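Same order as they appear, the protein sequences are chains A and B. Residues 1 to 187, numbered by our numbering, are exactly what the first sequence covers, in order. Residues 1 to 198, numbered by our numbering, are exactly what the second sequence covers, in order.
It should be emphasised that the hints constitute simulated quantities derived from the structure, not laboratory data. Fair warning: this is a prediction, and the values are worked out from it, not measured in the lab. All C-beta atoms, glycine included, are put in the ideal place defined by N, C-alpha and C. Keep in mind that a hint or two might mislead.
Said to hold, decoys possible - Covered stretches of chain B, going by a simulated chain A footprint (3 or more residues, C-beta under 8 angstroms): (1) 43-57; (2) 129-139; (3) 174-186.
The primary structure of each chain is shown beneath.
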Amino acid sequence: MTLDKRVRDVLARIEGEKPRAPGIPVEPTTGKFLFSVCAPQSECAVLEIGAGRGYSTIWLAAAVRHLEGRVLSLEREPSCIQDWRQNVADAGLEDRAELVEGDARETLSRIEDVFQVVFLDAANKFYEELFQLARGKLRPGALVIADDVVLHADQLAAYSKARQADRTLVSVTVPLDRGLELSVVLR
Amino acid sequence: MLDERVRAVLERLEAEDADEREHGLPPAERARQVTRATGEFLFALVAPQTDCEVLEIGGSRGYSTIWLGAGVRYFGGRVLSLENDPRKIEAWRRNVADAGLDDWVELLAGDAFETLPAIDDVFDIVFLDAEKDDYERLFDLARTKLEPGALVIADNVLSHEDTLGAYSRARQADPTLVSVTVPLDRGMELSVVLAETS
Chain A
1 MTLDKRVRDV LARIEGEKPR APGIPVEPTT GKFLFSVCAP QSECAVLEIG
51 AGRGYSTIWL AAAVRHLEGR VLSLEREPSC IQDWRQNVAD AGLEDRAELV
101 EGDARETLSR IEDVFQVVFL DAANKFYEEL FQLARGKLRP GALVIADDVV
151 LHADQLAAYS KARQADRTLV SVTVPLDRGL ELSVVLR
Chain B
1 MLDERVRAVL ERLEAEDADE REHGLPPAER ARQVTRATGE FLFALVAPQT
51 DCEVLEIGGS RGYSTIWLGA GVRYFGGRVL SLENDPRKIE AWRRNVADAG
101 LDDWVELLAG DAFETLPAID DVFDIVFLDA EKDDYERLFD LARTKLEPGA
151 LVIADNVLSH EDTLGAYSRA RQADPTLVSV TVPLDRGMEL SVVLAETS
């Protein structure tokens, strides 16, 4: 299992940096949670919408590495993209994580893959639209994890409410750090 | 899959649990089942997994077993549930059958300290929901059945922080694990195995 020194060093370095918007990283405990969700899965295909500077990508990619999974990350901010490439390379995870540059609302519709796990951590005003775009790439059993739903409840309470009212999903709010909405596709 | 049979049994068990609490039954006689949100959380962790082998320590009357069993139906897997209380075992069997999950879940009757060492299988996910004083020893027993990447979910670590605070601290200090406390309902400790042996 792979949380080697290269990975730990990059994670620790980013944790020590002053957070810069855009691309503020998730809390370390949220990183560990994402790692916990993905680590037991074999051939886990992860879609990350809003990759930032790669902190959450590294947790996800480290988790899927030993059972042959991969991470596809979407990011549009040029400064984030540059740091993402550097951080993921420093962690030795280039062969497990791939970046698609551009606005996810455009790039996502062109992606033909199917994913088991989606991590949604983008501009909150686009969550609904991005969820709908991702929904088409998910089979029953797939899991969508959306960040910030408690911290930004003013904008995202409607997102959680809509998921929990949807009979084609099972959805639960997990009050870890900024709040995660976990939604499983039933059909 | 969360079909009507499964939903009906879950709703009945939620009503029974609420009724038992309302009538003030002592904890030992109650189902002491997880909350619905925790059930949904377990379902969310299991559903995306392929060929997911789940070990449940403390099956009770089957409420959490049914969430786990419904979760493994998507991409294959099974749930092995350990329970010692004969009355709970009887209810477990009836509830699981009512939910149509007999093919996905199995019960091993007896004291987990005796049944667990005799199990030869390897598991991807362990759900630990037993007597709080036993967590440390049960974790150690389960640990031998886990390969790197496996996940242990221990319930009640916040509701019983007096007894289980030490459990969480020990997992988070262990360099062969990655461990995090998730503050959902009674609190769950999620621990991923990084290396074969501690």
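Hint check results:
Against chain A, the segment 43-57 of chain B contributes 9 residues with a C-beta closer than 8 angstroms to a partner C-beta. That satisfies the three-residue criterion, and the hint holds. Coverage of the segment 129-139 of chain B by chain A is violated in this model, with 0 residues showing a Cβ closer than 8 angstroms to a Cβ of that chain against a need of three. A stretch counts as covered by a chain when three or more of its residues have a beta carbon under 8 angstroms from one of that chain; for the segment 174-186 of chain B and chain A the count is 7, and the coverage holds.
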